[in-house]
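S.K.: Sequence:
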Amino acid sequence: MALFQLAADSDTAADNATLREENRRLRKVCHALMERVESGVSPNSAPYAAFERSVLLAEQVRERTDALHRTLDELSQVNARLLTANAEAEAANLSKTKFLAAVSHDLLQPLNAARLFASALETHALPDASQALVGHIGRSLKDVEGLLGTLVDISRLDAGVLHADKAPFAVSTLLDALAEEYHQVAAVRGLTLHYVPSSTLVESDLALLARVVRNFLSNAVRYTEHGHLLLGCRRRANGLEIMVGDTGPGIPEPQREAIFLEFRRANQAQSSHSRGLGLGLAIVDRISTMLDHPVMLTSQLGCGSIFSILVPYAPPNAGDSSATSPRAVLSHGELDPLQGCVVWVIDDDPAITEGMQALLGSWGCRVRAAATVSALEAASDGERPAVLLVDYHLGEHRESGIDLASRLRRRYPGLATVVITANHEAALKRAAREAGMHCLLKPLKPLRLKMLLGTLLQS
Numbered sequence: 001m002a003l004f005q006l007a008a009d010s011d012t013a014a015d016n017a018t019l020r021e022e023n024r025r026l027r028k029v030c031h032a033l034m035e036r037v038e039s040g041v042s043p044n045s046a047p048y049a050a051f052e053r054s055v056l057l058a059e060q061v062r063e064r065t066d067a068l069h070r071t072l073d074e075l076s077q078v079n080a081r082l083l084t085a086n087a088e089a090e091a092a093n094l095s096k097t098k099f100l101a102a103v104s105h106d107l108l109q110p111l112n113a114a115r116l117f118a119s120a121l122e123t124h125a126l127p128d129a130s131q132a133l134v135g136h137i138g139r140s141l142k143d144v145e146g147l148l149g150t151l152v153d154i155s156r157l158d159a160g161v162l163h164a165d166k167a168p169f170a171v172s173t174l175l176d177a178l179a180e181e182y183h184q185v186a187a188v189r190g191l192t193l194h195y196v197p198s199s200t201l202v203e204s205d206l207a208l209l210a211r212v213v214r215n216f217l218s219n220a221v222r223y224t225e226h227g228h229l230l231l232g233c234r235r236r237a238n239g240l241e242i243m244v245g246d247t248g249p250g251i252p253e254p255q256r257e258a259i260f261l262e263f264r265r266a267n268q269a270q271s272s273h274s275r276g277l278g279l280g281l282a283i284v285d286r287i288s289t290m291l292d293h294p295v296m297l298t299s300q301l302g303c304g305s306i307f308s309i310l311v312p313y314a315p316p317n318a319g320d321s322s323a324t325s326p327r328a329v330l331s332h333g334e335l336d337p338l339q340g341c342v343v344w345v346i347d348d349d350p351a352i353t354e355g356m357q358a359l360l361g362s363w364g365c366r367v368r369a370a371a372t373v374s375a376l377e378a379a380s381d382g383e384r385p386a387v388l389l390v391d392y393h394l395g396e397h398r399e400s401g402i403d404l405a406s407r408l409r410r411r412y413p414g415l416a417t418v419v420i421t422a423n424h425e426a427a428l429k430r431a432a433r434e435a436g437m438h439c440l441l442k443p444l445k446p447l448r449l450k451m452l453l454g455t456l457l458q459s
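Counting along the sequence shown from 1, when you hit position 435 you're at 435 in our numbering, and nothing is skipped either side.
Rather than coming from a laboratory, the hints here were simulated on the basis of the structure.
A hint or two may mislead.
Unchecked claim - Straight line, CA to CA, 20 Å or less: simulated EDC-like cross-link-like pairs of lysine to aspartate or glutamate:
#1 LYS450 x GLU180
#2 LYS450 x GLU354
#3 LYS142 x GLU180
Remember, it's a predicted structure, so these values are computed and weren't measured experimentally.
Model the full assembly from the supplied sequences, consistent with the hints where possible.
M.R.: Written as structure tokens, this is what we have:
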């Protein structure tokens with residue numbers, strides 16, 4: 001047993017010696033490795049410096065990233081507040097423009113009545129002093145009409161409630177009426193209007209295109225002190241160019257784009273007749289964009305300017321949707337078709353019916369005016385009407401003027417009908433045209449009405 005114990009102790013001692021030797025070698029290796037590591041990452045060595053810079057840069061990047069995130073959060077909050085404020089401002093502006101567009105009928109109704117009365121007075125034989133006063137009243141009302149119409153138009157365009165209703169028509173339908181109207185306007189200023197007629201068929205929105213050309217003519221009259229104006233057309237490869245020229249002061253090159261902005265007028269346009277808001281050409285720009293009709297301007301200082309709009313030709317074999325072109329004057333010896341003709345007027349505003357009676361009566365018409373068909377027929381003594389003038393808006397809970405006129409036309413086949421409205425919506429004009437009726441916008445221009453009535457009665 002003692003022998004076995006001695007052998008075991010001898011083995012254990014050998015193992016311990018082996019372990020101690022291995023431990024010594026490992027410590028030596030470890031010591032050598034530590035020396036290598038420490039010598040390689042000393043503060044003065046390049047690798048350590050690179051490592052230190054990397055750690056520092058990483059910390060700076062983290063700090064700047066955090067600062068950037070904070071700035072972005074602040075910007076997001078500011079942007080959100082700005083978007084909210086902008087949305088509120090746009091909503092308020094849209095509400096304002098929609099309100100003005102919606103109440104245009106109520107705004108234009110009393111002005112329409114005043115124009116009718118003033119036009120009726122002008123046809124009476126009055127003393128010179130009274131005639132001059134009537135002329136001043138008429139011109140003042142026309143100025144108010146222009147300013148109010150401009151505001152209403154720009155509001156409709158901004159509110160998006162005005163849409164184009166394109167149809168083919170002879171350009172003479174538009175230009176003949178404007179030429180006759182502005183012959184007289186130009187004569188008052190001592191100017192001469194040269195008109196070159198054309199019967200070319202074009203495709204556009206007649207009312208909107210008329211607004212553009214009328215604005216061209218109004219500017220030409222307003223800013224031309226002496227000389228003449230030109231209204232005419234020139235055939236181009238891609239459309240008919242309708243041109244309005246003047247012998248005014250001309251427009252400097254730097255101002256030729258600015259005058260199409262709101263509330264802008266050329267510096268030279270400061271004559272005693274240059275009343276206005278500076279919105280006429282802004283409306284032209286908006287309408288031409290809506291119609292996709294390019295507007296062009298050429299001008300020379302001291303010589304004058306030419307404004308023009310390029311209108312596409314009507315498709316081949318297209319009919320003239322305007323049906324009749326108003327002609328202004330009758331040849332000598334030709335009987336005036338308005339004399340003695342029976343005209344019915346339906347409007348729910350007593351001032352309008354009275355004004356219409358006075359104006360149409362001064363033209364020799366036999367006028368019957370009332371708010372309802374039953375009242376009109378009761379006052380007509382069985383007379384058949386030749387023309388019906390009906391307001392589109394006949395009050396709450398009543399049929400529209402188009403519906404009422406359609407009902408009357410079934411009773412009186414062939415009855416010429418003119419629907420009068422302050423509503424510029426394309427759908428309304430289209431509905432009137434499809435029903436075989438003509439449409440005039442308020443405030444009524446007496447000369448335009450007289451020309452249309454003469455044409456309808458002659459046809």
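S.K.: Are there hints from earlier that the structure breaks, and if so, what are their numbers?
M.R.: none
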